[in-house]
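The listed protein sequences correspond, in order, to chains X and D.
According to this note's numbering, the first sequence is numbered sequentially starting from 53.
According to this note's numbering, the second sequence is numbered sequentially starting from -15.
Do not rely on the hints blindly, as some may be mistaken.
[Stated by the list, open to error] One side only, chain X facing chain D, incomplete, derived with CB under 10 Å:
(1) Tyr94
(2) Asp119
(3) Gly144
(4) Ile147
(5) Gln149
Because the hints were derived from the structure by calculation, they are not lab data.
For glycine and all other residues, C-beta sits at the position ideal for the given N, C-alpha and C.
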Amino acid sequence: MKSKKIPSSQKTEMGEDPLGDRLGEPLTEEEELYKENILDHYRSPHNKGQLKKYTQTHSDLNPLCGDRITVYLQISPNSPKVLTDISFEGSGCAISQAAASLLTDSIKGKKIEVIRTLGPWDIFNLLGIRISHTRSKCALLGLKTIQHSLQGVK
Amino acid sequence: MNNNQQKKESENCFKIDFHEEFPILKSITYLDNSSTTQKPQVVLEAMNEYYTKYCANVHRGLYPQAEQATQVFEEAHQTVAQFIGAEADEIIFTSGTTESINLLAQLLGKTLQPGDEIVLSIMEHHSNLVPWQQIAKEKKAQLKYINLTKDYHLDLNEAKKIISKKTKIVSITHMSNVLGTINPVKELTAMAHKVGALIIIDAAQSTPHLKLNVKELSCDFLAFSGHKLCGPTGIGVLYGKKRLLQDLEPSKLGGGMIKEVTLQNSTWAGLPAKFEAGTPNIAGALGLAAAIKYLQKIGLKNIEKQELSLTKYALDKLKTISGLKIIGPPNNKGRGAVISFTIKNAHPHDVAEILARENIAIRAGHHCAMPLHTSLNIEGTSRMSFYFYNTTKNIDAAIKALHKVNRIFQ
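Full structure from sequences and hints, please.
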């Protein structure tokens, strides 16, 4: 069975999806959901831990799975404001933790105005798999927490 | 009889192929019965018949359809009463266990004084926890929790210490929706009554599976839901001892629950109408009565027997899966057909999703019992729960899928 290619029109100014070239490869059903890339990020998450110096932090949870995420952001003081470093702590299902790992990797060094405009499809593109309605809360927890932490930043 | 039928019949002790009565079971391995159960055709027919042949409000009209609706609605109270060994006027229809317990918290909460104590157990479902938490805050009462023993049973020694003269209300689940543990209701009732406290039994998980009798249990109140015993959603029951219900003031006011209304005053109708304000869930009540009759036809003892054998079978098979830990009593003594577990390195939601892809329905998460999971220091569990229509073949399918989980995550 072939996985569906996510339309490129959904891509944002974040640029090319790092998994883009792998979309469209034939995958078995469970590989489609739990393919190696996601399992790698789940087992060995990137940017895990607490930053020594950070300007923003926020915690949130997804009561459905019991996923918890706390993010730490270091934002440059000059305009345009840029996310110079980011880390997260948390626990939960493979989808929530892998999504946070992938997302923190991809937004490091980006302008916060860009990060604010990210939507669900950007996360689904990063994961490169189809996410059911129920599990989308898991996938989007990291993004929601990061965007919430930016609320006070002008 | 062909071979196929013979094969199906051998999978349960009833010699019945439940696929005819529950067509959905042909297309799914349904192991999420603690959440809700499937509905047999007779339940749907009872509701459909009301809506198509004699749809009328109850206790109001004088035309034949209204007479018939009123009569069968009253008979539904009797069917439920007989099911749990109560009298018909001790049965109040609610929307479900949650509403029943909320109603009780409102009614009984009025009498609480600062410093009074409400005793619950750590294994309560949120519906038997949050309403008491709120009323305790309002009344400056104290909440006390009975903890578990090492083998996931209620610690009765602790219960004896916690239930004291300060205790006014004890509200305990009959059967845990996570652990499967069946609590000794009679002993708890004796403890509560000894100190003059009222005892409420959350029977949402037990009524579908066990033959119970409120007179034998001697509990003051008991709550359960229709949809967990093959009935429709949106209908549930609050049982209360008649003398207690008579003394309580209603909290939901309006049509149907009054005797007489003047411009400045009202008097209340008798039981159970006093607590059933507004047009009730008539079709739901009829569906529930049909479900109860269906269960009685199969036999509650037979249901219990089939579930015990499924539980034993599943517990033995689950032990063969590496990294799997059962969160509940390890053998089938003092427990029902609910088995929660964790698998090393695999989050419960990932487990449930992999099983879902094999067309197997289980539940994952904290199962509306966050304090229990917190006390056990786990984020969540995966849970399979059985009903009489399940077979060992269903369990085999789940076990096969759990091996697949291990192939992906270990």
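Do the hints match the structure? See the list:
| no. | hint | verdict |
| --- | --- | --- |
| 1 | Tyr94 | 9 Å, holds |
| 2 | Asp119 | 8 Å, holds |
| 3 | Gly144 | 6 Å, holds |
| 4 | Ile147 | 7 Å, holds |
| 5 | Gln149 | 8 Å, holds |
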